[in-house]
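Trainee: These are the residues of each chain, in order.
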Amino acid sequence: MNAAPISQVYAIPHALPLDSGQVLVRAAIAYETYGTLAPDASNAVLVCHALTGDQYLASPHPITGKPGWWERMVGPGKPIDTNRHFVICANVIGSCMGSSGPASIAPDGEPYAMRFPVITIRDMVRGIVALLDGLGIAKLHAVVGGSMGGMQALSLAANWPERAARVLVIASTARHSAQNIAFHEVGRQAIMADPAWAEGNYYASDAKPDNGLAVARMAAHITYLSEAGLTEKFGRRLQDREAKGFGFDAEFQVESYLRYQGSGFTRRFDANSYLYITRAMDYFDIAEEHGGRLANAFAGTQARFCIVSFDTDWLYPTAESRHVVHALNAAGAKVSFVELSAPHGHDSFLLEHDQLDRVVKGFVE
Amino acid sequence: MTPPTSQLRPDLAAIAAHVAPGSRVLDIGCGDGALMAELEAVSGCDARGMELDGALVERCVSRGLSVVQGDANLDLANYPDKAFDYAILSQTLQTATRPDLILDELLRVGRRAFVSFPNFAHWRTRAALMFGGRMPVTRALPVSWYETENIHHVTVEDFRELARMKGATIERAWFFANEKQIGAPAANWRAEFAVFELSR
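Sequences listed follow chains R and G, in order.
Start counting the first sequence at 1; every next residue gets the next number (this note's numbering).
Start counting the second sequence at 366; every next residue gets the next number (this note's numbering).
Hints may be right or wrong, so weigh each one.
[Stated by the list, open to error] Sample of chain G residues facing chain R (criterion: CB under 8 Å; computed from the structure):
{"id": "1", "residue": "Val422"}
{"id": "2", "residue": "Ser431"}
{"id": "3", "residue": "Pro445"}
{"id": "4", "residue": "Lys447"}
{"id": "5", "residue": "Met500"}
[As the list claims (entries may be wrong)] Just a few of them, taken from the derived set where beta-carbon distance is under 8 Å, the chain R residues facing chain G:
{"id": "6", "residue": "Lys233"}
{"id": "7", "residue": "Arg304"}
{"id": "8", "residue": "Val325"}
{"id": "9", "residue": "Gly332"}
{"id": "10", "residue": "Glu352"}
{"id": "11", "residue": "Gln355"}
These are calculated hints, taken from the structure and not from any lab test.
Remember, predicted model here, so these are calculated numbers, not experimental data.
Cβ coordinates follow ideal geometry from the N, Cα and C atoms, glycine included.
Next up, chain R with everything else stripped away, as it sits in the complex:
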């Protein structure tokens, strides 16, 4: 991680006020764009990334070399068509791919580490709105996001209602549940229990809290899949062996898979960023920001909304999407909602799904 980002970086010219009351000075937002901005700036589509995502939406990741995380959805002739739209994806603040985060250098010349202010989803969106200002985009044609990206889309719609004409929220929620917080706390504790974490001051050290971060990723990864999906993919099959070894190697295929996911993740992600971003998600509750009533958050909105859930997603289940839809109905907003069927749980939004493609295309067009 911390390879030189190849993205464009926007330096926010003003101090960024945060929900905590602190301010972030000289904040940087790294971003990628695809397509061409129309002269009247009317064709901009903002795609917001998820917890461990980044701005490499439809272009290769500079560290892993893998294709962009939503390349099947964004590109020329794709559902989000870069021949028509100017698509922006920005790394959220708190992350580690070029935007300001705990690994960034503080004004005193040292990495922030745990001195980085605790941020919220709304703070992430504040950073992105500053970027939109810098790009001269007053109103987005659409804002689109899955999972934590959907939270940002909802936060933008609730707090900057004039900034987006269409709001597409996939496999997401308007609040983090106790179960969501609980899983995140497991991940954070795994990182903080790693001796190499060293209270977050590991940037100058050769030892990084990779073991803790890998365990955090392994636990979280389970929540992104479905039981049926895991059973289908791995069952109880053993990895590279004929019989049980009566030991603690990764004997089952599912163990081997999780270990691979965990170690791969540590190569591209900063452990402190994982702490900060999961905390931001746990704080997320749009109703709380708006007098305890979710419908108030969207009162008077002129935007069109589309909410999509997946029937096997137990991380942000359909009930959470319905909760948002009911609030939007109560607010009189133009809203569509569909629960799509897919076997792969929460991660379904990233995978092949013809119906999702058609919904996204029809709504964003």
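Starting from the known structure of chain R, arrange chain G on it as the hints suggest.
Mentor: Chain G alone, transformed into the frame defined by chain R:
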């Protein structure tokens, strides 16, 4: 009489022709969105839909309509009072768990309501039951008793009585047989389908 409107089903065409232009409309059980599309394109309405079948919702959203996948038995409760100028329930009443409660909700969320349904007292239905001794399978009710979604069959007279019990005013009514509009006399015998416009 109702002027013919594009390719809509006759009951939907009757509704489309009598929704005031520019109205806010909720179409409950909107199917593939044919009526909504017509109301938006021709009458400049702000149309919203509710549909139980996810595949149909996907088709609506793909064509740019605002449709929520939901169950009218449960999800109407979330709309504020008189949120719409019209609430429309086309050929869905007879599938409701409690048609009487749905009618209450229609008249709560809409200033006016359109309700269309197949008339179980049509002479073909009566004849099928009387002479065949079996649950009717007719043009208007083409599905066998064991797989039909129509769990609360209703007649024109039943509906008039329900409206009266609910304190609803029948503003207008249209009746159809053989895909054509017919007059009101003896509609309970002659109509395959009925459309009522209600207020309360």
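Trainee: Now tell me, hint by hint, if it's right for this structure.
Mentor: Hints, verified against the model:
For the restraint placing Val422 of chain G at the interface with chain R, the shortest Cβ-Cβ distance is roughly 4 Å, inside the 8 Å limit, so the hint holds. With its C-beta approaching chain R no nearer than about 5 Å, Ser431 of chain G sits inside the 8 Å limit, and its interface hint holds. Hint on Pro445 of chain G holds. Least Cβ distance to chain R is approximately 6 Å, under the 8 Å limit. The beta carbon of Lys447 of chain G comes no nearer than 11 Å to any beta carbon in chain R, farther than 8 Å, and the hint placing it at the interface is violated.
At a threshold of 8 Å, the smallest CB-CB gap from Met500 of chain G to chain R is about 32 Å, leaving the interface hint violated. Because the closest C-beta pair between Lys233 of chain R and chain G is about 25 Å apart, greater than 8 Å, the hint is violated. A least Cβ separation of about 7 Å between Arg304 of chain R and chain G falls short of the 8 Å threshold, and the interface hint therefore holds. Taken as an interface hint, Val325 of chain R checks out: its beta carbon lies about 6 Å from the nearest beta carbon of chain G, inside 8 Å.
Because the beta carbon of Gly332 of chain R sits about 6 Å from the nearest beta carbon in chain G, less than 8 Å, this interface hint is met. Against a cut-off of 8 Å between C-beta atoms, the interface hint on Glu352 of chain R is violated, since the closest Cβ of chain G lies about 16 Å away. The closest approach between the C-beta of Gln355 of chain R and any C-beta of chain G is roughly 5 Å, which is under the 8 Å cut-off, so the hint is satisfied.
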